[in-house]
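Construct all of the structure, not just a fragment, from the sequences and the given hints.
Sequences listed follow chains A and B, in order. For our numbering, add 4 to where a residue sits in the first sequence, where the first one is 1. For our numbering, add 4 to where a residue sits in the second sequence, where the first one is 1.
Hint data in this document are derived by calculation from the structure and do not stem from the laboratory. Please note that a few of the clues may not be correct.
[Claimed, not checked] Once the Cα atoms are required to be at most 20 Å apart in a straight line, the calculated PhoX-like pairs of lysine-lysine come out as:
hint	chain 1	residue 1	chain 2	residue 2
1	A	113	B	267
2	A	76	B	142
3	A	308	A	319
4	A	34	B	149
5	B	76	B	142
6	A	149	B	38
7	B	150	A	150
8	A	34	B	150
9	A	66	A	76
10	A	276	A	266
11	B	113	A	113
12	B	150	A	149
13	B	277	A	149
14	A	50	A	34
15	A	38	B	150
16	A	289	A	276
17	B	113	A	267
18	A	142	B	76
19	A	300	A	255
20	A	289	A	300
21	B	142	A	142
22	A	38	B	149
23	B	277	B	255
24	A	196	A	142
25	A	150	B	34
[Said to hold, decoys possible] Okay, the calculated beta carbon distance ranges per label pair:
hint	chain 1	residue 1	chain 2	residue 2	range
26	B	142	A	33	15 to 23 Å
27	A	327	B	36	27 to 35 Å
28	B	137	A	289	49 to 57 Å
29	B	289	A	38	33 to 41 Å
30	A	69	B	137	39 to 47 Å
31	B	137	A	21	26 to 34 Å
32	A	142	B	46	53 to 61 Å
33	B	97	A	48	30 to 38 Å
34	B	289	A	21	52 to 60 Å
35	A	269	B	272	29 to 37 Å
36	B	280	A	137	55 to 63 Å
37	B	200	A	162	53 to 61 Å
38	A	33	B	320	36 to 44 Å
39	B	110	A	112	22 to 30 Å
For every residue, glycine included, the Cβ atom is placed at its ideal position computed from N, Cα and C.
Number of protein chains: 2
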Amino acid sequence: MLDIWSHYPNVAQKLNTVSSLINEHLSTDKPDVKQLLADAAQEQGKMLRPGLFLLFSELGNKHEQSEEQLLKIAASLEILHKATLIHDDIIDDSPLRHGVITIQSNFGKDVAVYAGDLLFTVFFELLIDTMNGTTMMKDNAAAMKKLLFGELSQMHARFNQNQTIENYVENIKGKTAELFRLACLEGAYFGKSSSEVTQIAASIGENIGIAFQIYDDILDYTSSSKILKKPVLEDLAQGVYTSPLLFAIAKDPQAFAPFLDKKQNISVAEIKKVSNLVHKLGGVKDAITFAQSYTKNALVDIDKLPQNEITISIKKLTNSLLNRKF
Amino acid sequence: MLDIWSHYPNVAQKLNTVSSLINEHLSTDKPDVKQLLADAAQEQGKMLRPGLFLLFSELGNKHEQSEEQLLKIAASLEILHKATLIHDDIIDDSPLRHGVITIQSNFGKDVAVYAGDLLFTVFFELLIDTMNGTTMMKDNAAAMKKLLFGELSQMHARFNQNQTIENYVENIKGKTAELFRLACLEGAYFGKSSSEVTQIAASIGENIGIAFQIYDDILDYTSSSKILKKPVLEDLAQGVYTSPLLFAIAKDPQAFAPFLDKKQNISVAEIKKVSNLVHKLGGVKDAITFAQSYTKNALVDIDKLPQNEITISIKKLTNSLLNRKF
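As C-alpha cells, this is what we get:
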C-alpha cells in the first residue's frame, strides 16, 4: 500500500480489509493454479484506485451505504488493475513490477496470458456479486473497453516521432485515467452521493488520472531506477514516447531523429543523450506545466463539491499525489 | 458456419443474423483498432456454441421468448469462444486457425493479448445488455473461470507422461465442455423452458462437449492436415497429451518414453512413430469407445426431454457431431 494512505487512517484501515478480500478472491484449492493466483494477490501496488474509491465513498450518506458492498467494489477495482498489469508486463517483457518478479517472468508468458484472463473473471464475479442489475455494470464494461482501446492505440503509436500531444492524452485517458475516473465515479455512486456529485467525482477522477500518468512519465526522466523500482526510460526503448519527449521533439525534431530512427536498437548511451536533450529543450518543464493544468482542473472540480473534511482530504490527496517522487 | 447447420434451416437462418450481430459488435470507428476487430469478426468458425444455444432455445415456449435477446446471447457465446481462441493461439504459437491467419501471426502477440481482452469486454457488454440482474450472469462468470482453470491445468500437465485419463477429462471439461454446457443451459433458460429441462440441457451440453473434444483429439491421429485445416499432431509436439496417446501410454509406457522424453525437441519422424504406436496399441480405438460413452450419456439425457421434433433434431445433431470427419 502507498505510504500516502497513512495520512488517511480511515481509508488505510479499510484498505487492509480490501487486501484481505483480494487474497480471499484470488485463492483456490486447485493445486495447479494456487501458487499463480497467490503470487498475483501478493504483489501489492499503491492501492490508489481502491483508496480513491473509498475516499470518494465517504462523501455520501453513511446510513444508506453497505460497508460490505463498498469493500468488495474497492477490491474489484484493484483486481481489474492487476489483470491489466499482468497483460501489460507480457507486452513490455518486464522482469519486475514494483520491485517484485512479474508473473510472466516467473511462470512464463503463456501462463501470464491466462492468469490475466482469470483476474478479469474474478473482477467480473465481484461486479456480479455487488452490482448485478445496476447501470454501473455498463460503466464498468465501458471503462474496460476504453482502457483496452487506450492500450491498443498506444501500441499503434509506438516509435512514431510525429505523434501529437493530443493523441498521447487520448491514449492515457484510456489506459490510465479511465480507471481513476471509474474509481471516483463508483465511490460517489455507491457511497450514495447525489447524481450531481457523482458526475463531478467522475471528472475529478479523470483529471487526477491524466495528471498522475503525466507525472509518471516525467519521473521516468527525472528519477533513478532505485527509487522507481523499475528500469528508467524503458518506455523510450520500447517506442512509447511520452509527454516530456513529445514536447521536446516538437521544438527540434531533427535533434532527435538520429537517435529515435534506431527504434528498439537504441543504445543505453543514446537513451541518456535523448534524456539530456529532453531536459535541455524544456520537455520536462513543459510536461510539468501540462500536468499541472489537469491538477488544476481537478482542484476546480473539487471546489464544486460540498465543502467538508472529506473534500479537504480529497484536495490534500490530489496535491500530494501530484508532487510525488515515487 | 458448419455445413451441419444446413440440415437445421431454422437455426441456420438465425445464425446468419448472429454473424451480422458479431460483425456489428466488433466494429469500431477507432482507426487504430478497426482492422484488428474486423479480422477477429471475419474468422467464422463452426458456430457450434450459438447453434446449440439456438436449437435448445426452441425447446421452450416461443410466446415468452425475446428473439432479440436470444440472438444477442448466441452472439455472446461465439464472441467468448473467439476471445479464448485468440489467447490460445498466442500460447500455441499457431500461424493458422480454421485455415485463416491468426491475429497473433498477423498483428503480433502483443496486439493479440489486448485483442482477446477486448473480445472479453464485448462479451461482457452483451451479457449486460441481455441479462443484467439475472442469475445467469453468475453462470457466465463461473463458466469463464472454469474454462480458464481448464486451460491452466492443461498447461500445467504438459509433457507429463504419467497424466491420468481422469485428469485429462477434468481439463477438457473446463477448456471445451464448459462452453457447450453454458450454451445448452442458456438456450433452455432464455428459451423459457422449465428448470427441470434447463438442468437436463446443461448436462447434455457438457456430455456433447466432452465427446466433441475427445473426437477432436482422435481426428488429430486419424485425419490429414488438409481436412483439419491445421498441422496434425501439433498438440503432441507442444506436450499436450490427449486421450488416444494416454490410453496407449497406459498399455506400454516404456514404448513411448524414448520419444516423449525429448519433449519439444521431438522430430516430425518421431511424431509419426508415436502416432503409429498409438494406433498399434489401440489408443485410437479406446478413445473412440471412451467418447461414445459420453455421447451415450447425452443421448440418455435427451430421452428425458419432452419428445418432439426439436428433441429429434438435438439427437440427430448429437450423433452427427460425433461422427464427423472435420
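Query raised in the report: Holds or violated: 53 to 61 Å for the Cβ distance of residue 200 of chain B and residue 162 of chain A?
Result: holds, 55 Å
Query raised in the report: Between residue 38 of chain A and residue 149 of chain B, does the CA-CA distance stay at or below 20 Å?
Result: Holds, because 14 Å separates the two Cα atoms, which is no more than 20 Å.
Requested in this report: Note whether the CB distance of residue 33 of chain A and residue 320 of chain B lies within 36 to 44 Å or breaks it.
Outcome: holds, 41 Å
Query raised in the report: Cβ-Cβ distance between residue 269 of chain A and residue 272 of chain B: within 29 to 37 Å?
Result: holds, 35 Å
Query raised in the report: So the hint says 39 to 47 Å: do the beta-carbon atoms of residue 69 of chain A and residue 137 of chain B match that?
Result: Check failed, 21 Å falls outside 39 to 47 Å.
Query raised in the report: Does the structure keep residue 113 of chain B and residue 267 of chain A at a Cα separation of 20 Å or less?
Result: holds, 19 Å
Requested in this report: For the pair supplied as a hint, residue 308 of chain A and residue 319 of chain A, confirm whether the alpha-carbon distance does not exceed 20 Å.
Outcome: holds, 12 Å
Query raised in the report: Going straight from one Cα to the other, do residue 66 of chain A and residue 76 of chain A come out at no more than 20 Å?
Result: holds, 16 Å
Query - Cβ separation of residue 110 of chain B and residue 112 of chain A, checked against the hinted range 22 to 30 Å - result: For residue 112 of chain A against residue 110 of chain B, whose Cβ atoms are near 23 Å apart, the range 22 to 30 Å holds.
Query - Pair hint outcome, residue 196 of chain A versus residue 142 of chain A [Cα-Cα no greater than 20 Å] - result: With a Cα-Cα distance of about 18 Å, the restraint between residue 196 of chain A and residue 142 of chain A holds, given a limit of 20 Å.
Query raised in the report: Taking 20 Å as the top limit, are the C-alpha atoms of residue 149 of chain A and residue 38 of chain B close enough?
Result: Holds, at about 14 Å.
Query - residue 150 of chain A paired with residue 34 of chain B [C-alpha distance capped at 20 Å] - result: Judged against 20 Å, a Cα distance of about 11 Å means the pair holds.
Comparing the model with each numbered hint stated earlier shows that hints 7, 12, 13, 14, 19, 30, 32 do not hold.
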